[in-house]
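Here are the chains, one letter per residue:
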Amino acid sequence: MSGPKTDFLSKLGSRLVIGLPMFWLLLFFLVPFLVVLQVSLADLRLAQPPFTPIFEWLDGIPSYVGDLENYEFLFSDDLYIRSYLNSVKIAFISSLACLIVGYPIAYVIARADDALRNTLLLLVILPFWTSSLLRIYALIGMYSPTGFINSWLISFGLISEPIQLMQTDFAVYSGIVITYLPLMVLPLYAALQKLDEDLLEASADLGAGPLKTFWQVTLPLSLPGILAGCLLVFIPAVGEYIIPALLGGSGQLMIGKTLWTEFFNNRDWPLASAVAMVMLAVLVIPMMLLRNAQSQEGRS
Amino acid sequence: MANTEASGGQSAFLSIRNICKEFSGVRAVNDVDLDIQQGEFFCLLGGSGSGKSTLLRMIAGLEKPSSGTIRIDGQDITETPAWSRPVNMMFQSYALFPHMSVEKNIGYGLRQDKWEKAEAEARVSELLELVQMKEYGKRKPHQLSGGQRQRVALARALARKPKVLLLDEPLSALDKKLREDTQRQLVAIQKEIGTTFIMVTHDQEEAMSIATRIGVMDNAKLIQVDTPRELYEKPANRMIAGFVGQVNIFEGQVSGSGKNQTIQSKDTGNALEVLGEHDLADGQTVWVAVRPERLLIKTRAKGRAAAAPNKAAGRVTDIMYLGNITHFEITLKSGKHVRLTISEHWDEEEATVRLGDRVEISFEKRAAVLLTR
Chain Y
43 MSGPKTDFLS KLGSRLVIGL PMFWLLLFFL VPFLVVLQVS LADLRLAQPP
93 FTPIFEWLDG IPSYVGDLEN YEFLFSDDLY IRSYLNSVKI AFISSLACLI
143 VGYPIAYVIA RADDALRNTL LLLVILPFWT SSLLRIYALI GMYSPTGFIN
193 SWLISFGLIS EPIQLMQTDF AVYSGIVITY LPLMVLPLYA ALQKLDEDLL
243 EASADLGAGP LKTFWQVTLP LSLPGILAGC LLVFIPAVGE YIIPALLGGS
293 GQLMIGKTLW TEFFNNRDWP LASAVAMVML AVLVIPMMLL RNAQSQEGRS
Chain X
13 MANTEASGGQ SAFLSIRNIC KEFSGVRAVN DVDLDIQQGE FFCLLGGSGS
63 GKSTLLRMIA GLEKPSSGTI RIDGQDITET PAWSRPVNMM FQSYALFPHM
113 SVEKNIGYGL RQDKWEKAEA EARVSELLEL VQMKEYGKRK PHQLSGGQRQ
163 RVALARALAR KPKVLLLDEP LSALDKKLRE DTQRQLVAIQ KEIGTTFIMV
213 THDQEEAMSI ATRIGVMDNA KLIQVDTPRE LYEKPANRMI AGFVGQVNIF
263 EGQVSGSGKN QTIQSKDTGN ALEVLGEHDL ADGQTVWVAV RPERLLIKTR
313 AKGRAAAAPN KAAGRVTDIM YLGNITHFEI TLKSGKHVRL TISEHWDEEE
363 ATVRLGDRVE ISFEKRAAVL LTR
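Residue numbers (the numbering used here), protein chains in the order written: chain Y, 43 to 342; chain X, 13 to 385.
No lab work stands behind these hints: they were computed from the structure. For glycine and all other residues, C-beta sits at the position ideal for the given N, C-alpha and C. Some clues are possibly wrong.
[What the hints assert, rightly or not] Here are the in silico distance ranges between beta carbons for each label pair:
1. Y:266 / X:144: 32 to 38 Å
2. X:141 / Y:66: 30 to 36 Å
3. Y:71 / X:129: 28 to 34 Å
4. X:36 / Y:239: 46 to 52 Å
5. X:76 / Y:284: 47 to 53 Å
6. Y:79 / X:129: 52 to 58 Å
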């Protein structure tokens, strides 16, 4: 029955379904974002809270007294620029490493028969169910001078002194790859699984060997999965704090660590907020450009 | 077998010997021998699971035979990988590359073979013309209709000038009207370029109207290879008789031997007579197949039995008038249902047959085919 009453109810229902998540995002994403934005425009002061308001009553009129001093400071000290660039570099290399490790995994899973496929997928997802901190500590146990790798190598007589594994770039990269690998494998798997086997056979039939078929058919058709996977790894990797802090050396500049230092050690909330805002811009702007390019390609 | 006769002793263009294919213990193709001549339009006909597609895929190199050999143009290609074989396949799903334009799809094989750019372009536009898709070269597959995709798939499969073109149910995704037009185009294109075509289909009408010869597969075996006419007139067994067109089959028992041998049928209540000599044993069960359009019908007076060879008495239980032809269903006294078809130029007596009438059906010796299987 669709009387005016049921119409009203179904409209209310659909509004609720859309409205609740919107409200959630508004409350826990947009509001904190605006708070951080506001703090980033304020000045440091020794008080509680440790920043000045950006609106003040001047002669009975509410006026804006914020400024871009924090942002100017970010660009005047090359520490910040270097940590941004280093973060982007580490995130980029990690994404690439994830792609190289994840692609064959996703390919094998997508081509496996049904029973095996579910088991393999479970194995990929399983580590995600343990705390990432725990996994990083497991890595420390492997990499430390008295850890598994070094003690094995020494007991086999391959080396006499422990080799330096902790506090290296390698430790950071491997930590990020291990942590974020499922985020790469799953979208790749989804893209590869959709790939019609007839296309591969058609390619072979038309004279392309397995390698040529991979370059000309499989790879281009899995491009959406590659992009999705790289974004899913790249974005959290840029802001990663725990992994470089635990596995990386003190010389390893990353923006997550810099932000932590500003916020907790220096208690410079306005500057830390500005660091966070710029990080957001670093991430969001390339992503929007990419999405634009993709939707343009879809239209043509 | 008929196929060795067709090859006439000389070595065939495509020659398949003792091909078997097992999938985890199950024979999908069982000991198939087949010879196909250059320029033939050959159809592999069979139901689903008969092994026809597997046979085609083995010729393409997409399945590895468990045993046996495949030779094309004198060259053994049994171990040759798919990408080095001089054959191309048109897939049932068309398998067009979705990320490439029509031109790029058609030129794909030419790029693999490292054709000169100008030559490849000329070949692509020649093919676009052949399949009447000239204006669509820049489109992507998803912007085309089903019939257009089918034509692009055909052009792509022809691009490398294969010695044999394999077609896996190429028309099954098209609607009936389009399918008939496309059948004609396919035959015209095959005649024009003269390439050997091997098409897999489950549609006997399609096979009959297109093929120069048909190979019927059933249960992993190639049962009969013949021209459409021979297949229709002289089916090798009851399965083929029923598969290719409609047929009435009368069961009979052989009695006696030599000149006095007769076949008595419970279905007709009379003897069955056929042309020619047959080596039959006393007591053997045989079948006589008669096409519905070869049966004769006339009204019968009450109580008068039709006591003569190749005759049977019954009643008309259904009439379906289709304009150019009329279908009759007749229930014989034995309870057997018989189909009979009369074309529009029937004689006066046939025209007066009404539903429920007592009738006598009969057939000539030359209209009957004796089957022992």
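Unmet hints by their number, sorted upward, for this structure
Result: hints 2, 3, 4 break, sorted rising.
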